[in-house]
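Please model the entire structure based on the sequences and the hints provided.
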Amino acid sequence: MIWELLGAHAPALLLAIPMLGAFATPLLGRIGRTPRNLWILVITALTFVTSVVLAAEVYTTGPVIYTFGAMDPALALAGDSGGIPVRIIFNVDAMSAFMAVFASFVGMIAAVFSLPSGKMESGRDGYFALLLLLLVGILGMVCTGDLFNFFVFLEINSLAGAALVAYRIDKGVAVEAGMKYAFLSTLAGLLVLFAVGLLYGQYDSLNIAVIAGRMQFGFLDKVALALLLTGLAMKAGAVPMHFWTPDTYSMAPSAITAFLVVASQASLYGVFRVAFSLYGLTLNYVTVGWFIIILGVLSMFVGVSMAIPQKDVKRLMAYHAVSQTGYMLLGVGVGLAVLGDPAMMESFGLTAMEGGIFHIVNHAMYKGLLFLTAGAIFYQTGTRNLNKLGGLGHSMKWTMLFFVIGALAIAGIPPFNGFASKLMIYESVFAFNPALSIIAMVVSILTLASFVKVFHAIFMGPKQERYAEVKEVPAPMLAAMAILALLTVLMGIFPQQIVDIVISPAAGALVDQGSYIASVMGGL
Amino acid sequence: MFADLPFIAAAILIIIGIATIVTQHHLIKMVMGLAVVEAGVNLLLVATGYREGGVAPIFTNAPSTEMVMPTVQAMTLTNIVIGIATTALLLSFVMIIYRKYGSADVRDMRRLKG
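Chains as they are written, first to last, in the numbering used here: chain X, 1 to 524; chain E, 1 to 114.
Treat each hint with caution, since some may be false.
[Claimed, not checked] Here are the simulated DSS-like cross-link-like pairs (lysine-lysine), alpha carbons at most 27 Å apart as the crow flies:
id : chain 1 : residue 1 : chain 2 : residue 2
1  : X       : Lys171    : X       : Lys222
2  : X       : Lys311    : E       : Lys29
3  : X       : Lys171    : E       : Lys100
4  : E       : Lys100    : X       : Lys388
[Stated by the list, open to error] Listed next, the stretches of chain X that the computed footprint assigns to chain E, with coverage defined by at least 3 CB atoms under 8 Å from CB atoms of chain E:
id : region
5  : 101-114
6  : 146-158
7  : 164-176
8  : 181-195
Derived from the structure by calculation, the hints contain no laboratory data.
C-beta atoms are modelled at their ideal positions from N, C-alpha and C, and glycine is treated no differently.
So this is what it looks like as structure tokens:
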């Protein structure tokens with residue numbers, strides 16, 4: 001009974017559960033810390049289970065359509081609608097389901113990691129409520145099939161994210177970072193809304209599938225495309241709109257930073273959804289593909305070269321996050337550039353896209369792990385300055401192990417997951433343009449160099465007196481890191497299975513614009 | 001010409017707003033610039049749905065079926081609500097920054113570097 005209900009209404013419950021959780025958290029916080037923590041665990045776990053149920057449905061039987069307020073949610077075109085989808089529709093295809101699963105997973109890990117961290121801090125109820133709202137924003141963005149709905153969830157994502165970045169208000173710098181993030185997100189959101197207005201004015205609909213079906217690619221559509229790509233790339237933190245990432249990622253609490261990476265990737269998902277599903281073959285895919293490739297290469301290179309001189313460990317990792325975003329843009333950009341050529345698509349385009357999409361989830365795992373280890377170090381020592389840290393390898397052995405796993409994965413060393421996706425990107429991009437592939441490899445080497453430096457600065461050296469009291473972090477924090485580390489290793493050992501089962505359907509769903517339109521309009 | 005007037009006004013509002021954000025140094029003025037951009041976007045939305053001679057989109061007692069588009073009005077309303085939330089959040093950030101830094105000028109905000 002409960003499973004049937006869960007299966008039938010999974011897309012709605014996916015948002016309803018964390019939203020209920022968010023609004024009930026402050027109430028439960030009144031009762032005490034333990035019930036509230038249990039509640040958070042139950043809610044995030046339930047959200048994760050719902051997303052897995054939804055993904056299983058999508059991967060076995062095809063895209064799931066959920067029409068809000070309809071007699072039969074699976075029916076996009078109700079009898080009285082005259083063949084036009086008038087309601088808010090969730091259109092969950094393989095790509096959306098994939099994003100939803102790992103977003104809710106990282107949300108769960110972030111919640112677990114946050115349970116013990118900063119016991120002295122006040123305002124934890126609000127913190128958890130905002131964390132769940134951020135999860136709602138991300139899940140809504142990746143599941144919706146409606147452009148205006150996408151904008152609304154983008155704003156939920158931005159507001160919750162900005163408030164969380166500014167969580168440590170005591171010194172003012174966190175608020176400065178939160179201010180930057182909120183400002184930029186609002187501007188990006190307004191650009192997106194402007195584009196939505198332009199598209200609605202022409203095609204009389206907000207549904208992505210309907211607009212895609214009617215797309216003419218006139219002048220206003222080009223303006224809308226430019227606005228959408230700029231706004232979403234800004235939120236995703238691609239160079240040259242990356243200036244907010246180091247401030248935001250370094251000032252937010254570490255668990256939030258790991259989760260903000262996923263929030264940025266939801267915007268990246270928006271870029272891909274707009275390019276492939278909304279515009280598809282009607283747009284000048286070579287030009288737009290190259291635009292995304294250039295954004296990607298710039299992000300890779302600028303990110304890594306800015307990371308090398310950093311002294312603050314989280315700031316350094318934030319620049320690496322910019323650099324890793326470049327790999328995803330590169331892989332999917334190559335796929336977009338050869339979209340119109342079936343032969344090239346067959347030989348390397350699809351592999352490049354799979355590599356890019358695989359890198360999204362890998363990045364969420366190892367970058368999340370790295371930010372959590374940085375958080376663990378900050379939790380014990382109270383500093384993030386590399387020049388002050390040192391010799392922690394003696395007292396924080398597990399954290400050191402997890403850091404090494406994360407660092408090797410981000411540098412693309414086998415057998416960790418970063419290697420698996422990077423190899424796919426190198427090989428396929430080499431077939432497209434060897435120079436791009438070489439840049440990508442050089443960036444990986446620079447990444448390794450910079451993490452060797454960090455490792456040496458934090459963990460090596462003699463035991464320092466001021467850190468004599470430092471011991472290992474509490475068990476929930478270790479557990480959160482251990483799960484991510486385990487996944488980092490497992491996904492590196494069995495990449496082919498994961499690509500076959502999860503990633504290829506996601507890449508296929510992005511490329512196949514026809515079936516995306518048909519999934520909503522097909523009943524006609 | 002007159003039919004395009006709302007769109008031109010929307011464009012001018014957005015340009016004024018972005019110019020304010022770029023040129024002003026006071027945080028509250030920058031937030032005001034953002035609000036002006038938002039007003040421009042709202043004006044564009046409402047203007048898109050306007051129909052010559054249309055009445056309010058309420059079916060009961062409508063003299064004719066010529067109505068303005070209700071969807072864009074709903075979108076505008078949603079955006080106004082979201083805008084209030086963002087403005088409130090930004091202004092509270094400005095308040096905290098002013099209390100901690102003793103200034104609300106962006107040129108004094110150079111603590112995050114590198």
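In rising order, the numbers of the hints this structure does not comply with: 1, 2 and 5
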